[in-house]
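Colleague: Each chain, written out:
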Amino acid sequence: MGSVRRHAIITCSAAEVWTLVGAPERLHEWFPTTETRVEGSTRWVTLASGITFEEQIVTLDHDLRRFQYRILNNPIVTEHLGTVDVIEDGPDRCIVVYSTNMEPEVLALPIAGAAGIGLERLAERFGRSM
Amino acid sequence: MGRKILFITTDQQRYDALGCNGGTIARTPTIDALAARGVTFDRAHPQNVVCMPSRSTMLTGQHVATHGVWMNGVPLPADAPSIAADLRRAGYSTALIGKAHFEPLLDPFLRFTENRLGVDRVNTDDPLDPHRGFDHMELATHGAAGQLHYSTWLRDHHAEHAFSYYPVLDGELQVNAAGGGDTGAPQVKVNPIPREWYHTEWVADRTIAWLNALPEDRDWFCWMSFPDPHHPWDPPANELHRVNWRDVDLPDGYIADRDKRERVLDDKLRHWRGWYDGTFVSNYEAPAKWVPATITDDQVREVNAFTHVENELIDEAIARVLGTITDRGWSNDLDVLYTTDHGEFQGDFGLLFKGPYHVDALMRLPLIWSPAPSAGVTPARVQAPVGLVSLAATFADIAGLPRPTYTEAPRLPVSDAEARTLGHERVLTEWDSVLFGKIVRLRTICRDNWVCTAALDGTMNRRGEGELYDLANDPLQRNNLWDDANHQAIRDDLLADLWANLPTTAMPLRTVDAPV
Chain Y
1 MGSVRRHAII TCSAAEVWTL VGAPERLHEW FPTTETRVEG STRWVTLASG ITFEEQIVTL
61 DHDLRRFQYR ILNNPIVTEH LGTVDVIEDG PDRCIVVYST NMEPEVLALP IAGAAGIGLE
121 RLAERFGRSM
Chain H
1 MGRKILFITT DQQRYDALGC NGGTIARTPT IDALAARGVT FDRAHPQNVV CMPSRSTMLT
61 GQHVATHGVW MNGVPLPADA PSIAADLRRA GYSTALIGKA HFEPLLDPFL RFTENRLGVD
121 RVNTDDPLDP HRGFDHMELA THGAAGQLHY STWLRDHHAE HAFSYYPVLD GELQVNAAGG
181 GDTGAPQVKV NPIPREWYHT EWVADRTIAW LNALPEDRDW FCWMSFPDPH HPWDPPANEL
241 HRVNWRDVDL PDGYIADRDK RERVLDDKLR HWRGWYDGTF VSNYEAPAKW VPATITDDQV
301 REVNAFTHVE NELIDEAIAR VLGTITDRGW SNDLDVLYTT DHGEFQGDFG LLFKGPYHVD
361 ALMRLPLIWS PAPSAGVTPA RVQAPVGLVS LAATFADIAG LPRPTYTEAP RLPVSDAEAR
421 TLGHERVLTE WDSVLFGKIV RLRTICRDNW VCTAALDGTM NRRGEGELYD LANDPLQRNN
481 LWDDANHQAI RDDLLADLWA NLPTTAMPLR TVDAPV
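Respectively, the protein sequence lines represent chains Y and H.
For the first sequence, my numbering assigns the number 1 to the initial residue and increments by one for each residue that follows.
For the second sequence, my numbering assigns the number 1 to the initial residue and increments by one for each residue that follows.
The shape of chain H in the complex, shown without the other chains:
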C-alpha cells in the first residue's frame, strides 16, 4: 500500500484565519495540530486571486497563462491536464467532494459536467473515464441555489431550508448587495438552517461516506473542498454564539480613519480607489451595487465574527473526517494538505470581498502539508515563497510518481533548505479581467520579502504603473514604493525576474462563458 492523500481546501480564507498562523479568535485546534506535526508555509500565494483560475492551477500544476482560465467564467477545458487523472491511472481511487468550480456555476444551457452531475443525480459521467479523473464527484457551492448535489439533497430532504441561505444573486443576477445581520453588512444573513444540514457538515458527511466505502487496502486521493468561509457570510444561527461580533477587535489591516484610509488607497493603482468610491466595478466577484466607502466599523466586526464561526465549523468537520481515517487504520500512511484558493479583504483597507488587488489579504494563504508519519518528515515552518502551482507535483511525489511533464513548478519543499534546492525563489500571480469594456491586467512577483505588481494597459491603469511593497518593513502594504527613487533598483530587478519567469500567455484567450 502507498500513501493516501487528503487534500483539504477552503474558499476565500486568509492566512491569519488559523491559530497556527497567529489567528486569535477562531479556534482551529485540528488544523493547528496538522501544522504542528507538518510543514507550514508562511509565504504561499495563489496564481490568481479568484476561484476558477486558482482551482485550475491546483489541478493542473500550471500558471494561469498556460491553463488559460484567465478569469471566473472561463471554463477549464475538459481535456486539460489533471493530477487526479494521473493518480487514478496509478491505481488511486479519486474523489472531489464539495466545491469544484472548474466550470461556470451560472449555466442555464446546462453545458457543463459539474452542473449536469447534480441534475442527473449521479457521481460520475463515465466510470471508465471520469470527468477530470475523479471517480466520484459530489459537489456543493455557497448555499442551496443551483443544480449541484448539495442543493438537490437539501431540497429533497429538508425543503423547508431551501431558502434559508442568503441569496447570492439578486433579481438582476448581480452579486447581491443586500445587507443583513445586526449591522446591515452586505452578504450577511442569520441563517436558520441547523448546523447538521449546513454545507460544511454535508461535505464532511459525504467525505466520510466515500472513505468508508473504500476497501481497506486501497490507495486514495480525496479533495475535500469546503465552500466556506467565502461570502455570503451566513453560518447556522445556532452557532453564532461562538463569536459575538461586538467583542471582535477591528483587524490590523482596517484603517478606521477615513482620511488616512483614502490616502493609502490613492497611493495604489487607480482601480483601488475607483472600486472604493463605487465608480469602477471591474469584476463580478463583489456586489456591484455595494460601495465600499460606506463600510462601518461594526460591519467589519460582524463580517469577521461570522467568518470566524465558519472557520471553527470547518476545523471541527475536518476533525470528524480525520477520526474516520484513524478508525480505518490509515493514519500512518496519510498525507494531509490544507489550503485555500485565495484570500479575503475582511476589512483590510476598508474593503470586503476580492478582486484585482495583489496584497496579503488576498494573496497570502494558509498552506500546510502534514506528511504521512511513515515518511519521517521533520516538522518545519517554511519562509520561502511557494505557490499553489506546486500542489500537483507534490501529490505526484507523494504517490511515488515522477513529476508530470505538464506541471510548471516543483513540488513543495519540506524546509527552507530544500526550497533553495528545488528552486523556490519566487512566486507569481496574474490578474486579467475584461467585463463589458472594463479591463484590469496585473502581473505580480513575490521574492525576497518584496511584492511587486506591474499593471498592463487597461481601463484605469497603464503599462509602466504599479505597486511595490516591502513586506519586512511594511507588512500591511500601506506604502507603495513603486515611484520611490530609492527603490528603483529593486523594482527593476523584480520586474526583470517577473518577465523572465512568467509563462507566455496561451493565445487566443479563451472566451468568457458566464460571469462566474
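Next up, chain Y with everything else stripped away, as it sits in the complex:
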C-alpha cells in the first residue's frame, strides 16, 4: 500500500479555509485538475491529461473539517482512500493535511505531488506561514 502525506501551515482561520476545501465541487479551484462535477456522493475529477477519476465521497464532516474520498471503478486503482484535514491552530492559523493510501502504491506519488501544488495554492490564496 502506498501511503503519502503532505501538509501546509496557513495563516488563516480553519473555518475560512474550510469554505473552499470543504466544498468538493470546487476542487479545481485549488487542486491541479481541470474540471470537477458532483452528483450526490459521487464526484468526477478530470486531469489535464484527460484522465477522469470517479470518486465516492466518504466523509464530508463540517464539524471535524475532514473530507475523505475513494477512487472507484478504475481499471488501475484497486484500493484508495484520500483524506484532507483542516486543523485549527489558533484563531488565525491552521494546518491542512492531505494524505492518500492507495494501490498501486506508485500512483500515490504523483497524487502527492499534485497535492503539494494544491496546498501551495491554498497557502497563496489564504496566507502563507513565514
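No incorrect hints appear here.
Under 10 angstroms between C-beta atoms, here's a sample of chain H residues computed to sit facing chain Y: (1) PHE109; (2) GLN147; (3) LEU169; (4) GLU172; (5) GLN174; (6) TYR284; (7) GLY437; (8) THR511; (9) VAL512; (10) ALA514; (11) PRO515; (12) VAL516.
The calculated EDC-like cross-link candidates involving lysine to aspartate or glutamate, where the alpha carbons are at most 16 angstroms apart (straight line), are: (13) LYS289(H) to GLU105(Y); (14) LYS438(H) to ASP457(H); (15) LYS289(H) to GLU172(H); (16) LYS289(H) to ASP170(H); (17) LYS289(H) to ASP277(H); (18) LYS438(H) to GLU105(Y).
Stretch-level coverage of chain Y by chain H, calculated; a stretch enters the list once three of its residues show a Cβ under 8 angstroms from a Cβ in chain H: (19) 2–9; (20) 43–57; (21) 99–106; (22) 110–123.
Just so you know, the hints here were simulated from the structure itself, not pulled from any lab data.
Values in this document were obtained by computation on a predicted structure and should not be read as measured data.
Glycine residues also receive a C-beta, built at the ideal position from the N, C-alpha and C atoms.
Given chain Y, work out where chain H should sit, using these hints.
Modeller: Below, chain H without anything else, positioned relative to chain Y:
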C-alpha cells in the same frame, strides 16, 4: 563563427560497451574514431547512478547535494541553472533531441513541461525564454508509451507499431518483470518495429532535421540523447541477426557459480543480498517482482546480445548525424562529447538493471571528448578520475565563456597532466532512495584507484558500514576491504577526503513527485 557542440548521450551504457574501451562484440567504429582523434576518459563517473539526478548534474554542473534531484521522481526546478541557457544567451542555437528526463515521466496531472510539449505538439513553451534554455525540445523515452514527441509521432504515422515495444510498466504500474525473447529474461522482447521507425533512428532523424534548418553561420549546441541501451531490451527484430545470443560469452563480471556469487554478495553492504534474494526492493529502477537470484546464464547472454545490437544502432545513427555535419561544412569547428548517464549491471554479480550499487558496472562510464580540429588538441587517454559534473564547465569553455559560477567542478582535462593542474583528484557519487519506508543512503569517493563507499543510516545499513575496493588489484570489485585491518589507513584517508569535498546537502529535501 565559434565552435559547435554536439553532445551525445546514451542511457544506461557500460564503459566496456565500446570498441575503444575494450568491447569486443558491438561494432562501434564511429565512436571509436571520435576516441582515436580525441580525449578518452578511463575513469569517468556519474554523480548518481540513475537518470534524473545524473542528467540534472550534466545540465547544471552541480553535485546532487546541490541541485537537489536526489532520486528519480524528484523534478529539477524549472529555474535551476542550465548550461544550455548560458550558451543560448551567448548566441548559440540550442536543442535537446531525445531523452531529457529532468522531470518525471509518470505525470497524469500533466504538470511538467517535458510532457506538455508532446501533448501540445510544440517544440518550445516560450520562444523568447525557452524551457531550460533549449530553443528546441523534441523528446523521446524508452518505447512509445506516454505523451512525448516520439510517442505522438509513432501513433500518428505508424499506429500499427504503437504497441510493438515491450510494455515498460505492468498493470500495477510497477516496472514490468515479464520475460521474453528465447530465455524469458525480464524486460526482453523481440520488437517487430522496422528499424527506420525505432527511436534511435528517430532521434538521429530529428537531429538532422534541426541541424539542416540552421543558418550556415550559426553556432549551435545540440544534445542528442538516445534512450538506448536502457531496458527494455527490445531492438528491432530485423537487426537481431547482428549478435546471436547463443554465441555471446558470459561477461567477466558474471559469477556463474552460485555459491561463489552469493559469498561475494554477502561481503558487500546488506542491501545487495536483500535485492538479490528478492526481500528488499529499495527503488523503482528494476522490476520489483523479478528476483535476481533466478537469473540464468542464457538470460545474461540474451540481455547482453540485445544490448550490443542497440549499441551498434546508436553508433550507426551517430555516423549519419556526423555525415550531415560534414555536409554542412562544420566539421573543423565541431566538438563532440559522448557519454551516458549511468551504467548497467548486464549480468555482473548475477544482477541486471541498476540501483544503490557503487561499482564499475554502474559508475564507470564511457566519456569521450573529440575537440574541434581547429582547437589543435592532441589525442589522449586520461586516467585521472573525472565526473559528469565537469560537462557544463567544459561546454562553457568550448564556447569561450568563463566557467559559470554555479558549477562545482572544473572543465574536463585534455591530458593527465592537465587533470592535475585543474584539480581532478577525486570523483564523488551519491545515492539516496526513500520509497515507502525503504531507505538507502550511500556516499562514494573514487581516488587513486580506490573506490570507497560509506553507508549512512537506512533500512538495512548503518553509518560506519561500507565498501572499499582496490581497482588496481581487484578490477571486478569482488573483495570488500572495508573491514580489512591492513586497509584502515587508506579507508580513513578516503573517507576524510570524501567528507571534506562533498557539498552540503541542500535542505529540506525536495519532494518525490513520481516513481520515475
